[in-house]
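A.B. asks: One-letter residues, chain by chain:
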Amino acid sequence: MLTFYMQRMTIMPTQPCRQRRNLLLLILPLCGLWFMGQGTYIHAKATLAQVLLETAWARALDGQKAVKPWPWADTWPVSRLSVPRLDIHRIVLAGVNGSALAFGPGHLFASALPGEVGNTVIAGHRDTHFNFLKDIKPGDAIELQSDEGGIYVYEVVETHIADETDTVFMDREGGPRLTLITCYPFDAINPGGPLRYVIVAKKIKMASRHEQT
Amino acid sequence: MQTKLSINFVFLRCLARRVKASTLYTFALGAIVFLFASSAQANMPGETEASDTQAYTNPSAVKQGTLLFKSEAGFMSAPTLHTDVRFTVTGMLVRAHVKQRFQNPDGDWKEGVYVFPLPEDAAVDHMRMYIGERIIEGQIKEKQKARKEYQQAKQSGKKASLVEQERPNVFTTSVANIAPHETIVVEIEYQQVARYDAGRFNLRFPLVVAPRYIPGNSNIRVEGFAGTGWATNTDQVPDATRISPPVRKPEQGSINPVNIEIDLNAGFKLDHIDSPYHDIAISNQENNYRIHLKEGDVPADRDFVLSWQPATGKMPQAAFFKENKNGDDYALLMVLPPQQAQSQVLNREVVFVIDTSGSMGGTSIMQAKAALELALNSLKTGDRFNIIQFDSHTSQLYPASQAVLPSTLQQARRYIGTLEAQGGTEMAPALHAALMQQNAEQGVRQVIFLTDGNVGNEDALFKIIEDNLLNSRLFTIGIGSAPNSHFMSRAAKFGRGTHTHIGNIYEVQQKMTDLFQKLENPVLRDIKISWPDRVIVESWPQRIPDLYLGEPLLVSAKAGHLAGDVKMTGRIVGQDGAGQDWQANLSLNGGKDAESISVLWARRKIAALMERSVRGNEADHIREEIIETALAHHLVSKYTSLIAVDTTPARKLAEILKRRALSTNLPAGWEYKKVFGTMPKTATPAGLYLLLGGFLLIISLFRSLFRNVYLKKCRSLFVSTCTRAGIVNRIG
Chain P
1 MLTFYMQRMT
11 IMPTQPCRQR
21 RNLLLLILPL
31 CGLWFMGQGT
41 YIHAKATLAQ
51 VLLETAWARA
61 LDGQKAVKPW
71 PWADTWPVSR
81 LSVPRLDIHR
91 IVLAGVNGSA
101 LAFGPGHLFA
111 SALPGEVGNT
121 VIAGHRDTHF
131 NFLKDIKPGD
141 AIELQSDEGG
151 IYVYEVVETH
161 IADETDTVFM
171 DREGGPRLTL
181 ITCYPFDAIN
191 PGGPLRYVIV
201 AKKIKMASRH
211 EQT
Chain E
1 MQTKLSINFV
11 FLRCLARRVK
21 ASTLYTFALG
31 AIVFLFASSA
41 QANMPGETEA
51 SDTQAYTNPS
61 AVKQGTLLFK
71 SEAGFMSAPT
81 LHTDVRFTVT
91 GMLVRAHVKQ
101 RFQNPDGDWK
111 EGVYVFPLPE
121 DAAVDHMRMY
131 IGERIIEGQI
141 KEKQKARKEY
151 QQAKQSGKKA
161 SLVEQERPNV
171 FTTSVANIAP
181 HETIVVEIEY
191 QQVARYDAGR
201 FNLRFPLVVA
211 PRYIPGNSNI
221 RVEGFAGTGW
231 ATNTDQVPDA
241 TRISPPVRKP
251 EQGSINPVNI
261 EIDLNAGFKL
271 DHIDSPYHDI
281 AISNQENNYR
291 IHLKEGDVPA
301 DRDFVLSWQP
311 ATGKMPQAAF
321 FKENKNGDDY
331 ALLMVLPPQQ
341 AQSQVLNREV
351 VFVIDTSGSM
361 GGTSIMQAKA
371 ALELALNSLK
381 TGDRFNIIQF
391 DSHTSQLYPA
401 SQAVLPSTLQ
411 QARRYIGTLE
421 AQGGTEMAPA
431 LHAALMQQNA
441 EQGVRQVIFL
451 TDGNVGNEDA
461 LFKIIEDNLL
471 NSRLFTIGIG
481 SAPNSHFMSR
491 AAKFGRGTHT
501 HIGNIYEVQQ
511 KMTDLFQKLE
521 NPVLRDIKIS
531 WPDRVIVESW
541 PQRIPDLYLG
551 EPLLVSAKAG
561 HLAGDVKMTG
571 RIVGQDGAGQ
581 DWQANLSLNG
591 GKDAESISVL
601 WARRKIAALM
611 ERSVRGNEAD
621 HIREEIIETA
631 LAHHLVSKYT
641 SLIAVDTTPA
651 RKLAEILKRR
661 ALSTNLPAGW
671 EYKKVFGTMP
681 KTATPAGLYL
691 LLGGFLLIIS
701 LFRSLFRNVY
711 LKKCRSLFVS
721 TCTRAGIVNR
731 IG
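Sequences listed follow chains P and E, in order. Going by our numbering, the first sequence opens with residue 1, and the numbers climb by one from there. Going by our numbering, the second sequence opens with residue 1, and the numbers climb by one from there.
Careful: at least some of the hints might be erroneous.
Simulated pairs of lysine-lysine, DSBU-like, Cα-Cα distance not exceeding 35 angstroms [said to hold, decoys possible]: (1) K202(P) / K658(E); (2) K673(E) / K203(P); (3) K68(P) / K674(E); (4) K249(E) / K137(P); (5) K314(E) / K143(E); (6) K99(E) / K380(E); (7) K45(P) / K205(P); (8) K674(E) / K137(P); (9) K325(E) / K65(P); (10) K518(E) / K143(E); (11) K294(E) / K674(E).
No lab work stands behind these hints, which were simulated from the structure alone.
Using the sequences and the hints given, assemble the complete structure.
C.D. replies: The following block contains the structure:
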C-alpha cells in the first residue's frame with residue numbers, strides 16, 4: 001500500500017496538487033452560492049407567483065374560465081383560501097403536480113370544488129404556502145371562495161399526522177368538508193419524507209361575496 | 001538518503017492534504033446528519049404534549065398515527081382469522097375442506113366479514129358452522145332469501161354464517177354475533193378437478209384476493225349491506241365494495257395465517273411433486289403421499305400450487321369416473337389426445353399486450369418483461385409483431401404490426417426496457433386495440449396477453465373478446481403471486497386460446513417454452529361427442545373448446561342410465577390448415593365410482609350457463625336455470641348462497657353488534673404505493689438547498705482563512721503519529 005503511494009507521489013509533481021486545490025477553492029463557494037440561489041429562488045417564486053395569481057383570480061371572478069396566470073402556465077386558479085384569524089390569503093391552483101405546487105396550493109382534480117358536494121382536497125408545500133397550517137387550531141374558520149364568488153366557511157374539526165399512503169383522507173365520499181394536506185414535520189430538511197399533516201374542516205355555512213367585503 | 005527523504009516528504013505532504021480534505025468532508029457530512037437527527041428528534045418525542053387552555057397539541061410534537069382530534073369515537077379491531085385447508089386428491093378429483101377460524105379479540109359483540117378467493121372452478125357444496133361443540137349444517141338458499149334470513153338472525157342476536165359468491169373465484173363469509181373473546185369456525189367444502197397440462201397435474205389454491213382495479217364512475221350509492229371495502233361501487237362494477245376487502249399495509253405485518261395439508265393418491269406412480277411458491281414436506285406409503293407446509297403456518301399472500309407428474313409411461317390415456325345419484329347416472333370423462341408430429345409452421349402475426357398498471361409494480365413487471373423478451377426471441381423471420389401496453393392509457397410500439405427484422409426487434413427491446421408499472425388497469429381499450437387491427441384473409445394471428453387480471457369488470461371484458469375475436473386467438477399469461485385466475489382461464493376460453501401462469505422469475509423460461517410449443521403445434525378442433533344411441537345425455541360443456549398440445553378433453557355428462565360406447569371425433573389442424581381426423585372410442589361400462597361427480601357436472605353446467613349470460617341472451621331464463629341446478633346440487637353460485645343459523649339467540653339486544661371487515665394481505669411482491677397511490681408530495685428542497693449552500697460557503701471561507709495554519713497542523717500531527725508508529729523508520 002505504502003509503496004504504491006510512494007510510486008504515485010514520485011511521478012506526480014507538486015504543482016498540479018496545488019492547482020487542484022485552487023480549483024477546489026473556487027468550486028466550493030460557487031456550489032454554495034448555487035445552492036443558496038436555488039433555495040432562495042424557490043421561496044421567491046412561491047411568493048411572487050401569489051402576487052401574480054391575485055390578478056388572475058380577479059379575472060376569474062369576473063367570469064373568465066381557467067385563467068392562465070402567465071402564458072406558459074399549465075395550471076389556473078380555482079379558489080381563494082383565507083384564514084381570517086391568521087390573516088392568510090392563498091390563491092389555490094388546479095392540480096397537485098409539482099409545477100402547480102411551486103406557485104401555490106393545489107386542488108386535487110378528483111376532489112370536489114368549493115361549492116360541490118363531497119370532499120375538497122387542497123395540498124400545499126409545508127415550507128412555503130402551507131407553512132401556516134402548523135398554527136391552525138381546531139375551531140379555526142377557513143374560507144374558500146369559488147370562482148363564482150361565493151364564499152364557503154369551514155370549521156377545523158380534526159388534525160392528523162398520517163402516512164402518505166393513508167389516502168382515505170382524499171376520499172370523495174362523506175359529508176361536505178375541506179381537507180388540507182401538507183408534508184410533516186414542518187421543519188424537516190429532507191423533502192421526501194413519508195409523513196403528512198392533514199387538517200379536516202367541516203362546512204358550516206356559505207357567506208355571499210358582499211358579506212365578506 | 002537525501003532522495004529517500006525528499007520522497008518521504010512529498011508523500012507525507014500529499015497524504016496530509018488528503019487527510020485534511022477528508023476531515024473537512026466528514027465534518028460537513030457529520031454536521032448535516034446531526035441537523036437531520038436533531039430536527040427529527042425535535043419533532044418526534046416519545047410523548048405528546050398538551051399545551052395551554054385548549055388542550056391543543058402542538059402538531060410538531062406528536063408521533064405518526066397519533067389521532068389529535070376525532071369527532072366520533074375511535075375504531076375497534078376486527079376479528080382475527082386462521083385458515084386450515086385440507087385437500088384429498090383421488091386420481092384427478094380434489095376434495096377440499098377450508099376451515100376459517102374467526103376469533104373475536106376483545107369485549108364487544110362482532111360481525112366478521114371476510115372476502116377470500118377459491119379456485120375459479122370450485123364447486124362449493126357444503127358449509128358448517130362450529131360453535132363450541134355444536135355443529136350447524138349450512139343450507140343452500142336463493143341469494144336474496146339467504147341474505148334476508150342472515151339479517152334477521154343477526155338482528156335477533158342469533159349466531160349465523162353466510163357464504164356468498166361474488167365472482168367464480170371470490171367469495172365472502174359473514175359471521176354474525178361472535179361473542180366477546182369467542183371463536184367461531186366456518187368450514188367450507190368444495191369439489192374440483194385438478195388441471196392437467198403438458199404432462200403434469202396442477203392444484204392451484206389462491207390465498208388472497210388481490211386489490212382489483214375498479215373502472216367506471218363512482219356516482220352510484222353504496223347499498224346498505226355492503227360497504228366495508230376501500231373501493232366504491234361504480235357504473236361498470238356495481239358490486240366493487242363486495243370484492244374489495246381492506247388491504248393491510250406491508251409494514252403492519254402479515255395476517256390471516258394459513259395451514260395446508262394434502263392427501264394425494266394419484267392412482268399411479270409419480271415422478272415429481274413440487275410446490276413452486278411454498279416449501280413442502282412429503283411423506284409417502286406406496287402411492288399415497290402426505291404433504292404439508294414445512295413452515296407450518298404461512299401468510300395468506302400468494303397462490304399455493306402443487307403439481308405432480310406421473311412417472312414416464314404411467315399416465316393413463318383416458319379416465320372415467322361415475323356416480324349414481326337420485327336415480328341418475330353422472331359421469332366425468334377425460335381423454336388425452338395423442339401428441340402430434342409438428343406441422344409446418346406458417347408465418348404469423350403476434351400481438352403482445354402487456355399490463356403496466358400499478359398492480360404489476362414490484363416483481364410482477366419484471367416477470368412480464370422477462371417473458372416478453374423471451375417471446376421476442378421466439379419470433380421468426382417472416383413473422384409480424386407489435387407490442388401494446390396499457391395502464392390508465394393504452395399505447396403501442398407501432399401503429400400496425402411490423403415485420404420481424406433486427407432493427408424492429410432492437411426497437412422492441414428498447415421499448416420493453418422503458419416499461420414501468422403505474423396507474424390504473426383500463427383493459428378494455430387495450431383489448432380493442434389488440435383485436436381491431438385484423439383483416440379477414442390473413443392467416444394465424446395470436447394475441448399474447450400478459451397481466452395479473454386484477455380488475456373488477458371481467459364480464460364486460462369477456463364480451464369484448466367474444467365480439468371482436470374473428471381470426472385471432474387470445475393466450476393469457478397470468479403474472480405475479482396472486483393473479484385473477486378466473487379472468488385468465490375465461491378470457492383464454494372466450495379467446496379460443498389457452499392460459500398459463502408465471503408466479504416468479506424462475507418460471508419464465510419453462511412456462512414460456514411450454515406456451516411456444518402450444519402456439520406452434522397443431523390444434524385439435526371441431527370436437528364432437530357421440531353418446532350411445534337411445535340414451536338421452538345432457539353433457540357439459542356443450543361446445544368443446546379447441547385443445548392445444550398437452551391439454552386433455554374433459555366432459556361431464558348426466559343420463560338416466562349410461563351404458564354402451566361413446567365416440568369422440570375431431571380434426572387435428574396445423575397452422576398450414578392441413579388436418580387429419582382424430583377419433584377415440586370409450587366404453588361407458590365399468591369406470592370408477594366416485595362421490596361428487598354430480599356436483600362437478602352441475603358446476604360445469606353453471607359455468608357454461610354463465611358464459612352464455614356474458615354473451616347477453618336470455619338473462620332471466622339462464623338465471624332461473626342456474627338457481628334450479630344450484631339448489632338441486634347444493635351449490636353456491638352467483639344466485640345461491642349457503643347459510644347456517646343457530647336457533648337460540650346469544651346476544652342480548654341491548655348489546656351492540658359491531659360489523660367489521662377483515663383485512664387481507666397485500667400479495668407478495670406487490671408495491672403498496674403503486675396500487676393505492678399516495679397523498680401529494682408537499683415539500684420543497686428549499687431548506688435543504690439553503691443549508692447545503694450555507695455549509696459549502698462556510699467551509700470555503702474557513703479554508704481560505706485558515707488554510708496554512710490548518711495544513712501545518714495536520715502535517716505535524718501526521719508526522720508525529722507516523723513517527724510514533726514507526727512507519728517512517730520502516731520506510732526510511
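A.B. asks: The structure should be examined with respect to each hint, and the outcome stated for every one.
C.D. replies: How the hints compare with the structure:
1. K202(P) / K658(E): holds, 26 angstroms
2. K673(E) / K203(P): holds, 30 angstroms
3. K68(P) / K674(E): This hinted pair holds, its Cα atoms lying about 32 angstroms apart.
4. K249(E) / K137(P): holds, 30 angstroms
5. K314(E) / K143(E): Distance ~45 angstroms between K314(E) and K143(E) Cα, so the pair is violated.
6. K99(E) / K380(E): Violated, at about 51 angstroms.
7. K45(P) / K205(P): holds, 34 angstroms
8. K674(E) / K137(P): Since the Cα atoms of K674(E) and K137(P) sit roughly 33 angstroms apart, the hinted pair holds (cutoff 35 angstroms).
9. K325(E) / K65(P): It is violated: about 73 angstroms lies between the C-alpha atoms, which goes past 35 angstroms.
10. K518(E) / K143(E): Outside the cut-off at roughly 41 angstroms; violated.
11. K294(E) / K674(E): Holds, at about 32 angstroms.
Taken one by one, the earlier hints fail for this structure at numbers 5, 6, 9, 10, listed in ascending order.
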